[in-house]
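> If you want the building blocks of each chain, they are given just below.
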Amino acid sequence: MISIEYLILITVFPPLLVCAITPFLSDRTILRDLLGPIGGLVSSWGSIKLVQAVLDGEQPKLEFLQIAEGISIGFTVTPLGALFGLVASVLWIFAGIYSVGYMRGNKEKSQTRFSTFYALAVHAALCIAYAGDLLTLFIFYEILTFSTYPLVTHKQDELAQKAGRLYMSILFGSSVILLLPAIIWVWVITGSLEISQNGVLDGKINPKYAPFLLMMFVFGIGKAALMPIHKWLPAAMVAPTPVSALLHAVAVVKAGVFTMLLVLTNVFGIDFLSKTGASFWLIGLASFTLLTTSVIAIYKDDIKARLAYSTISQLSYITLGGALASSMATQGAALHIVTHAAGKITLFFVAGAIYVGAKLSKISELNGQGKSMPLIFIAFFIGSLSIIGVPPMGGSWSKFFLMLGAAESGYFFVIAVFCVSTILNVYYLLEIPARAFFFKKEKQITPKIPVLITIPTLMTCFLTILLFFFIEPFQNLASLMVGK
Amino acid sequence: MTDILIKNLPILVVLCPLMMSLFLVLISNAFISWILTLLTTVLTFILSILLFQEVQTHTYISYALGNWAPPLGIEYVIDKVSIIPIIIISSISLLSTIFSYKLMPFDVGQSSISKVYSLWLLAIAGLIGLVTTGDAFNLFVFLEISSLASVALVAMGAKKDKQALVAAYNYLIIGAVGATLYVIGVGLLYSITGTLNMEDLSNKVKEIDNNRALIAGFGFMITGIMVKAAVFPLHIWLPRAYSYAPSAVSVLLAATATKASLYILARILFSIFNISDDLIIITLNYVILPLSILAMFAGTIMAIYEKDIKRLLAHSSIAQIGYITLAFSIGSNASIAAGFIHMFNHALIKGGLFMAITSIGYYLQKRITINTLSGLGRQMPITFFCFILCSLSLAGLPLTAGFISKLYLIKATISSEGIWIVFLILISSALSLIYLWKMIEVLWLHENTKKIIINENPSIYISLLIITFLNIYFGLDASLIVNNSESAANTLMGFSK
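For the record, the sequence lines run as chains A and B.
Quick note, the first sequence lines up with residues 1 to 484 if you use this note's numbering.
Quick note, the second sequence lines up with residues 1 to 497 if you use this note's numbering.
Don't read these hints as lab results, they were simulated from the structure.
Be aware that a few hints might be false.
Derived PhoX-like pairs: lysine-lysine, alpha-carbon spacing no greater than 25 Å straight-line [stated by the list, open to error]: (1) A:440 to A:371; (2) B:307 to B:160; (3) A:231 to B:307; (4) A:155 to B:160; (5) A:162 to B:438; (6) A:61 to A:49.
What follows is a list of derived Cβ distance ranges for each label pair [to be verified]: (7) B:480 to A:63: 56 to 64 Å; (8) B:427 to A:275: 54 to 62 Å; (9) A:479 to B:483: 39 to 47 Å; (10) B:419 to A:277: 18 to 26 Å; (11) B:25 to A:166: 54 to 62 Å; (12) B:454 to A:28: 27 to 35 Å; (13) A:70 to B:173: 45 to 53 Å; (14) B:453 to A:301: 19 to 27 Å; (15) A:69 to B:285: 37 to 45 Å; (16) A:412 to B:483: 50 to 58 Å; (17) A:479 to B:419: 36 to 44 Å.
Note that the structure is a prediction, hence the values are computed from the model and not measured.
Cβ coordinates follow ideal geometry from the N, Cα and C atoms, glycine included.
Same shape as in the complex, but just chain B (with noise of 0.2 Å):
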């Protein structure tokens, strides 16, 4: 039985949340459909936990869709690298799914509860199909799932506000060019290699050398997956996105959406593609570090200048989002992991801030800029707690995970490229703050204006509390995030030699 079980892991992480959100369809319960919801997060959590032991034992998992044998069929990979960002969703899919239960009637109202989290179900299965599957082709059906799913689920913020729907269309638009882009490059390898299995095209590719459409190819695929995971400039739909969207689908979406995408440009990069080709070096150094850099400064005085919380929010991310791809760019062992340590870290903290923000944003029943919190970080004790703790991991403070980060950040960029792109992260890390003292000012120093009195609701703020309590965990013993990060990043380098 167990035995079973095991084999069919990386099918059924996959399936659990498909299937019910399919179900729920037929629901009209709202709350019935939480449940239904929460007990199927559930279950992917503890299939991706069982996925994790697994892959500590046997480092490679490998599963045959339909029993056809690999190059051929569809084969899904769960290893050291993919699992990082499996327990990065289902971990957060299962508190978001928590923090919603008060939150999404609110923001969409009970009538269409059942459909929102059928969407949500679909949008977490999409994500989680897109890192397990060693299928180019078929990575691109999950990217559109989940892409699908998110831009409906966006759209459904229309009921607070119309605003949504344009930054729905904009999403949907812009990303399904980034998926277009990505199925031309997929179609472009395909007719020069005559495979679609990941690990199959990684041996092609080394037998082919200076072929324009393999350098084709690979630009689009690259450019199509750097739309998905919101590299600067190719950002613009995140913002307005993570900003309307309702409330819980802006913390799912921004500690997990991207993340997907990001560690599908690394599979690419140092996977599909070798390290030691010109074309990846040149690719890192002359287009991905640049652009990480930008998006590091861009991200953080586009934040700095911004009134609206959720999109100050959304603005970090793509300076965050910076630091990741500036962690590929160097493109050493250390710094590879440095990417998958602050992926990790940046989902914890991101989902916190969010969580904060947004339920702030419900308690005062509306929408939140900097002024409105004015004074009220005593009115709700453990929100604002839980809101600086993760402000100071995000500022990258000892005690948090934010400070890993931000050490084997530091520590991998100097043994590579030297000091100067230490000096920018610092300095983009030390503008960081400006924003974020900027909203600690006025919610703790600011007078309260109007008196109003506030109850926490222990059912928004315990997924709060939990996170929060993971941020600082994870600043306090490392170890855990730091060796898989290693193991993850030494697998993916290996992977292509």
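One chain only, chain A, in its complex shape (with noise of 0.2 Å):
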């Protein structure tokens, strides 16, 4: 039996180890294609032993190196961090599938970069999840940061470029002018960078403050996409669909929530929160960012910029169970990590099935062709009705949960936010199947969907079911998480 400390190791190196062989073998496509699946089921099989061990009440533990007082680097794997890196590795394998598939089927150049890069992006949200401190979760989220540049620019034309330019400077310029220095700050007061059960800044932070420190968290979080630093995540979806779909909406967005709910929890701790109404103007934020960008996503008529709009809506439901600091809620915040990767990442399967299959990319053109490609179409609709919350769907625990924290943390109208933002995701959403089955065919088009690309949509798609029925092990993790 291999002790657990090392388990961790198991599940992080992988995606690394995949990194450093790919640029090596740009000549043997075949092998330099599996790499990603394969490391994927070793990574997922550490991961889930990592679930158990949590669940079974251990806390593995990594301490590499002590670099001054209260400061070092080091993994521990919290039940939340089990959680986001079980989703994480998981969708590794299906992801890692899809990309070949797209890429293939899509004759894209420099595809041996982006295996390698897309491997490193992986390695880095698997670090975050596993983060021990809050120092190594901010090296690495500027690692995941820089590995997903080269990815955004791949297709290196001045759309390209400029999408670029956006994304590096939002993401690393907010970390680096309010995230760290909002560590630093947690450093000065609390004199280490240790994260906690029930946060570190009770009686050692003068509740006046409590408000400006939260909000340099936030803002410095870039990847949780909240307004007004948004921009960079439609800007980001020039890049090519499978970074899209595993990282803009899993590994980089699900990176940026998980640690906001780590800051909340864990730093500030949610009794902290609730005791001081330090997150009372978060709750205003992340809903008004919810409803207004699940309007945005109405108007537009791009596939991959509809489910952008719709990612920042749904991640703004991740920050929102948090920012209600009662336990439910967060439990519920906790679970949309993994209702909604399983939904969102079937839903950008789709859109870029569509467009190596059709060569279609916006929702007007896509009239009437459900019965040309209808698996993936269904595969959609399923995808969407978990997005919304529909049983038996996964994502009907996770919104059932944040409503009882709603209710239960006393804000009732958050609970109209999220009735009204569950209209409008039937609205914006079921368009599209209702489009593709229900209108007259307008186009005649013969779609070539490759089988690497379906198996991996279809795959996903049956895993949000999958969820409804199997919740138990994530719900487990996330009352943990709130010390239940």
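Taking the hints as your guide, dock the two standalone chains into a single complex.
Structure follows, in structure tokens:
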């Protein structure tokens, strides 16, 4: 039996290894393309074992080095981290298969560079999940930004360069200007960067200043895409779809909201937040972002742009769940990381499939195309239902918990926000399958969708249904997170 | 034998480069003079390491020059404070001597090499003497030795660009004004205390209160040293001097020259005078603090608008000097320690950045502006890699030495001055990202317009690699620097009590 400390390494290192080997395999494409999914399997095995260990009440911990007093680099697996690590590593398998199908089907250039940085980004995301303290978290947060930059600018044309610059300046700028100082602030007042189950700030910080510290964290975590620092996400959609799918629906943005939840629960602590009301403004901001971006999504005709705005809106659910500072809402937020990831990756897979198979990227062009690619559109339909929160899809659980949490914390207007947003979700997501199946066909297209695209799409679609029935381990992790 | 060696270490570490500098004038062969210089700097480095170990156990080493007992005779003092600049100067001079092997002949021509190295060692001897001496007037002598040697070194850049002569002239005149102010101050203090020994001065100064000559003397000394340390707005000699000097000279000066003067500034403020004195408190709060903040912003903003890279780095140095003087101006033990931490780290950072940029200049055989860098990052991966790491260190990102500086500076500032200065520090360090990113973006992302093949030369990048490694190493294990800077601050403050 392998000691649980090494399980962290087994989970974290496969993507790094893939990243290191890939550049030497640019001529042997089959081997190169196999590496991703194989790495995903190994990582997933490790992350599942870690989840079991955490559920057994253990806390795997690995410390590498001590830089200065109270500052060290190391990994600790918290319940929330185990949850996020599981999501990132399992979805990497599917995204790995999918990206092979997509890149080949679309005849993209520089596929080796793509695979290299893709693996590095996954590595960074996993390290964020298991980060033992705020500095480790910050370092891998930056590595994630830098490793996704070449992926966003993959096409290397004018538009991609411009998007890349926006992406970099918002994500890197916000983290260095606000997140890092916020982390230093925590170090100055507590003398350490360790995170703890119930928060570290209670009694250390003057409650008057707490909202400002929270503000520095919230706007410093650009990856959580709260308004007004959400612009990078739609811009990043110039990247190839596998990037948008794994990174901008799962790894990068989830790393953002994961950091946000970690800060809210393990740095501030939900008791401290509800006692002082330091996060009250965040509830307002997240609700505003949630509704505004849903409305913007309605007006987007480009599929990926619409999904991007929908992602921003769904991320705000998670932030909102954390900001409500009740144990139910926080659990709901943690579950939403899982269910939204499965749902949204399916939707992005479909968008990519349509683009590769039929060269369509506008919603208005999809009229009547449902019959030519039925499986793909059914997958989209199921994914949409999960995001909307209809049983029996996984998404219904997280929405249920979030609403309970809103009621528990006493902010009843938040329930209204959730309801309105659900209606908007229905409107902008279901328009796509509705057009595909019920509108009159305008263009005659014979789509050719590679098998390597169809299979992972159907699998993640199946996953969203499975999540409805097997939510229990996730729910246990979430309740461990809030200390129940 | 070892006993004698150890007893004479404080003077040997100065004499070793000084004597070799005189000897080198007689040699005409370029290679031999380089080898001799290298050996001298290695020896100086070893001596300073020995001194470092000695100071760990004895904390205070005094050497009476010519056996004339201290208050009257000249005293050399090595304690936990002065050892920091000694280590900085000796290590950087070793690295930049290695670095200069290819670059010096390229910049100044084969024929005058041995003379240049003679000046080079003279400058190093001057700088080390400056920080070892415990005598206020002897300090002036070394100040002049190092300045005049540096001026001549800067002027050697004239072979590449005639602007170097103007730069050297500016440096000479402004430097001379600074030194004169300092010596007037020393004279005034001498007139009321009758002593030149620093420790003695500090004892005598305590007994005098509210004497106008004392205040005037203090003002002259401080202003003179602030010129040498390039504290804003007395920095105008610096950008030109750094940017037109021969490559290796830029590295040496940028990493060491102002550090020595900053150390003297700290000595005057905290050990000759007393932190609890009104005079010092007023100077710190109403002169040095505002000037430091202005320097942080002025230097950074000038760097943002600068096209010439060497000059850009020089402007950024002004901002970084602002951080160090800001740390001093807060005047708590923790903040002075932060100042010393940054003094050391900044020498590593700026040394690395100047090495990277000047070696790019050597590969391209021309002066580098932001446009000439276009797309060259891939052409010279090692240099570019080091450049990025040093830039990240300058920006103060985690895992680099610069982060440690920033961390301790902010910690010290929060605990004594409050939040608004921290905000200013953060804003100015965020602004520094603009010019750093500008350079990295051009190097990495822009298309290479002309196809240039560049072969990176190991004799050039070896010292760059070492200094970059140190930047990372001290970012991962900061205990050595932090502990020594803290004990330096304690010694400095204890001295005055």
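> Out of the numbered hints, which ones does the structure contradict?
3, 4, 7, 8, 14 and 15
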